[in-house]
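Visitor: Sequence:
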Amino acid sequence: MEGAFLFSLDGKCFFPFYYKNRVFYDCIKFTAKHKWCSLNETFNGYWKYCSEEDLAKCVFPFWYRRMIYWECTDDSDGFGKKWCSLTQDYNKEKIWKYCDSW
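Each position in the sequence shown, counted from 1, maps to that position plus 27 in this note's numbering.
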């Protein structure tokens, strides 16, 4: 994070938020030591460090390919790491995160 920024101890993370022409659906560690989030839809300097409550939650069940998953899966992950969808239809939105990523 560069330039003048306004840090907040409170406030609610805004998801999804836009930062450097990308869309983020969860807290990020982008150029920082700890995970953080924007307090606005388009990052304009207002942010806070994320707590565990701020992290995006997996949505169960979710639809992936032709199966319905009720828990995290390592299906199709080249590293064998478990992941989950952040929406009910991964096939449509393709929004996901690794499980236990705190």
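Careful: at least some of the hints might be erroneous.
As the list claims (entries may be wrong) - Only pairs whose alpha carbons sit at most 25 Å apart, straight line, appear in this in silico SDA-like list of lysine to any residue:
#1 LYS62 to ARG92
#2 LYS60 to TYR73
#3 LYS62 to GLY38
#4 LYS108 to GLY38
#5 LYS56 to PHE41
#6 LYS75 to ARG92
#7 LYS62 to MET94
#8 LYS75 to ARG93
#9 LYS56 to ARG93
#10 LYS84 to CYS40
#11 LYS109 to TRP97
#12 LYS108 to TYR73
#13 LYS47 to LEU33
#14 LYS75 to ILE95
#15 LYS56 to VAL86
#16 LYS84 to ASP37
#17 LYS39 to LYS60
#18 LYS109 to ARG49
#19 LYS108 to PHE51
#20 LYS39 to SER78
#21 LYS47 to LYS60
#22 LYS47 to LEU66
#23 LYS121 to ARG92
#24 LYS60 to TYR46
#25 LYS56 to LYS75
#26 LYS47 to LYS84
#27 LYS56 to ASN67
#28 LYS121 to ASP37
#29 LYS108 to LEU33
#30 LYS124 to ARG92
#31 LYS108 to MET94
#32 LYS75 to LEU33
Read the hints as simulated data drawn from the structure, not as lab findings.
Visitor: Hint check: LYS109 vs ARG49, CA-CA at most 25 Å. Holds or violated?
Guide: Given that 25 Å is the threshold and the Cα spacing comes to 24 Å, the pair holds.
Visitor: Just to be careful, I want the Cα atoms of LYS108 and MET94 compared with a cutoff of 25 Å; is the pair within it?
Guide: OK: LYS108 and MET94 at ~18 Å, within 25 Å.
Visitor: When you check the alpha-carbon spacing of LYS39 and LYS60, does it fall within 25 Å?
Guide: holds (20 Å)
Visitor: Next pair to validate is LYS108 with TYR73; report whether the Cα-Cα distance is within 25 Å.
Guide: violated (33 Å)
Visitor: Assess, step by step, whether the Cα of LYS108 is no farther than 25 Å from the Cα of PHE51, and give holds or violated.
Guide: holds (20 Å)
Visitor: For the pair we were handed, LYS39 and SER78, check the Cα-Cα distance against 25 Å.
Guide: holds (11 Å)
Visitor: For the pair supplied as a hint, LYS84 and ASP37, confirm whether the alpha-carbon distance does not exceed 25 Å.
Guide: Answer holds: LYS84 to ASP37 is near 20 Å, not above 25 Å.
Visitor: Given the hinted pair LYS62 and GLY38, is their alpha-carbon gap at most 25 Å?
Guide: holds (15 Å)
Visitor: Does the structure keep LYS62 and ARG92 at a Cα separation of 25 Å or less?
Guide: It is violated: about 30 Å lies between the C-alpha atoms, which goes past 25 Å.
Visitor: Are the Cα positions of LYS56 and ARG93 separated by 25 Å at most?
Guide: Since the Cα atoms of LYS56 and ARG93 sit roughly 33 Å apart, the hinted pair is violated (cutoff 25 Å).
Visitor: Is LYS121 within 25 Å of ARG92, Cα to Cα?
Guide: With Cα atoms ~11 Å apart, LYS121 and ARG92 stay inside 25 Å; holds.
Visitor: Checking one constraint from the list: CA of LYS60 to CA of TYR73, max 25 Å. Satisfied?
Guide: It holds: about 17 Å lies between the C-alpha atoms, which stays within 25 Å.
Violated hints, in rising order: 1, 4, 6, 7, 8, 9, 12, 14, 28, 29; the structure is consistent with all others.
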